[in-house]
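Grab the two chains, each in its own frame, and use the hints to assemble them into the complex.
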Amino acid sequence: MLAESPQRKLIAGGTDILVKMQHQPVVEQELLSIRKLTELKKIEKREDGTLVLGALVTFTQIANEPILQESVPALVDAAISMGGPQIRNMATLGGNVCNGATSADSASTLFVLNARLHLQSAEGKRVIPIREFYLGPGKVDLKKGEILTEIHIAPEDYRGFSGYYLKFAMRKAMDIATLGVSVACKVKDGRFDEVRIGLGVAGPTPLRCTEAEAYAQGKMMTAEVFAEIARRALTSTHARTSWRASKEYREHLVEELTQRALKVALHRAGGVYHV
Amino acid sequence: MFTTYKRISFKLNGQEVIWEVDVRKSLLEVLREKGLTGVKKGCGVGECGACTVLIDETPTDSCLYLAVWAEGKTIRTIEGIAKNGELTAVQQAFVEEGAIQCGFCTPGLVLTTTALAESGKDYTPDELKRELSGHICRCTGYQKIFSAAERSLGQEHHCACGHHHEE
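Chains A and B, in that order, are what the protein sequence lines are.
Going by the working numbering, the final residue of the first sequence carries number 275, and the count climbs one at a time with no gaps.
Going by the working numbering, the final residue of the second sequence carries number 167, and the count climbs one at a time with no gaps.
Simulated from the structure, these hints should not be mistaken for laboratory data.
Do not rely on the hints blindly, as some may be mistaken.
Covered stretches of chain A, as calculated for chain B (at least 3 residues, CB under 8 Å) [unchecked claim]: (1) 18-24; (2) 82-94; (3) 164-177.
C-beta: ideal position from N, C-alpha, C; glycine also.
Looking at chain B on its own, in the form it has when it is part of the complex (with noise of 0.2 Å):
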């Protein structure tokens, strides 16, 4: 016989959780259902990293993650990002930047430059790109949302413009 539900406890945007989940279920339907909202579906297969979520610091995409194996891990959603209601310095630089059009991709891609920025490393503006390069936006707003990632990352360049382009 098929076990169909499976108690799983993690560490949920810093809290505690004991969860009963269906074991044939993804980990972004199970956020999704416990009224995480912030996490987007989107093509449901791993394309489009709008669904991405950070377990134990790295990027994934929740939809091709069963929500059994969260057992015993860390996971961090948009939910759990800005603290008593502040913006963090990524969020900041997302706004600040106009990175956000209709919002869809949003939190994936803050969730992974987060991950970037405490990661602490220095990223060319190529491999900063190829670090984006599993986010989709559908609003094609890449060069703003580019610009935000550099400045997250304190790595912003500059031109005569005052604009800001990549190298």
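So that you can see chain A by itself, here it is in the shape it has in the complex (with noise of 0.2 Å):
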């Protein structure tokens, strides 16, 4: 159907289309509903340890999966700090990813899992690292036609890491993030073996911190350590002024952020650090 009239716009949970559309009522918008698609609502956890997130997942099942809250907790503090009960009930981690915002609570953390998409189309099937789809302000590499169908986390990517999502707002809930920080660590003989930080909001896109990733890489878990790590992760940000925060204010909020969420990641491995 969607082959037939590629100027449909998909509809899934609803909860960032048809506030845009009662925003503009004047456009006149086809829309094709997916959410009858049954199997695009299960996270599974393959024998291999893949774990499968379907597109329609929502993000109170996201919360309430037990296989996710042991596998990558900092998709469940994600989904958590995402609106308010009933938008959670609605919302789909899909429609989070293919809506394009930076603001978007899974995206920081599906870039530190370096999540791997399955786009679907009349044509053949296509999978690309999470990365690489987004293009830029509310702008993803969904080609016409396409429609994505699974997210696929791969049990490298989160075996042996401690993750943490922080988001920073004004309100507690229904709110959107002036900066989300998840991270993720490894931890070997008392030092850092892997850090990865994905940020959203710092940038027109989500982001990840490579050159303060590269930096932390072996090295001691001292204060002076998690500073300069905080440092070198703003030389990845592009933050900008909004009336919700100012670019130094983001950019404060980036290292101050970093530290905290490095901090609770650790915590929750057992680690001890020397701060």
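Right, dumping it as structure tokens:
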């Protein structure tokens, strides 16, 4: 049906698109609802450990799913931080990603988890890393007639990691992030074995702090190292001023919250850090 | 061509109904046009929770729910909560705690609290606040609403002064 007339817009949970349409009632838009595709509402862990989340999985489902609570707690943090209960009951993970917002609460964590997106069209299927999916603000690499079906997380991207998602907003609920920080770390012999940092609202799209990540590898967990990781995290950002916060304030948040999020992740891992 | 109207059947407050609905309209608009004006329109964009209804027992913002999606669902609105003019324990708790000021947020809050009470689960004060966080009360009577919800769930926290407080 999408191939027949690709100008149709897909609607899943509707919590973004129906809001947009409310604001622009003049625009005529044909919607194609995919909410009855029950095969896209599943969360499963495959035998090899790969986590598979259907595009229509809701945020409430993610928050309540024991498999995810155990394997990817940061994604559960992100799900709970999004909107309020009524929105979480409807909003879908696939919709959050395809909407293309830098503030999407799930996105920074999916960046950290190197999530792979399975896209399907009448012509065939392709799989791309989420980092290549975001092209710009509100712009994603979804071709005409294409639909996101599944989000995969490989075992090597979550096993042995401890993660945390920290959302900074003006309110505790029903708010859009001023900054979202998702971190994951692996510790070996009292040192960082691997650190991953994903940020939302620190640039036009969600992003990873590759320079900070490279620096952190093999470092001791000292206050100086935390501070240096945070400083280097800033080099990956392109924050801007909006009515929510100024560029300077967001940059301050990046430095401060990256450290806080890392400390919580370490704490979750049962680790001790020398701060 | 666009299909503009669609016939849908669903269960509304215990009754099977068959309605002809405009496919472009939200469930909120359709319910209100049918006279169920206990469903309130606040923001219309999913931020305030005034239009909350229970869809298959799940609290949902009816402003962001297309009416056609109601096909085959079980929907409860505030009109279907009291039975034969008798208030439920949840409604009674809202009255007794004085959890109603202008009343605009009340139908939605009663419905969400009803779903929580019927779930049979226990909620810590923090969890309960989170469950209620999708509702805005512009009279800002949150403490009384919270006390009413606690009372509804049989989870009151009393202290020596005789008032209800959160932990």
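Violated hints - listed by number, lowest first: No hint contradicted; all consistent.
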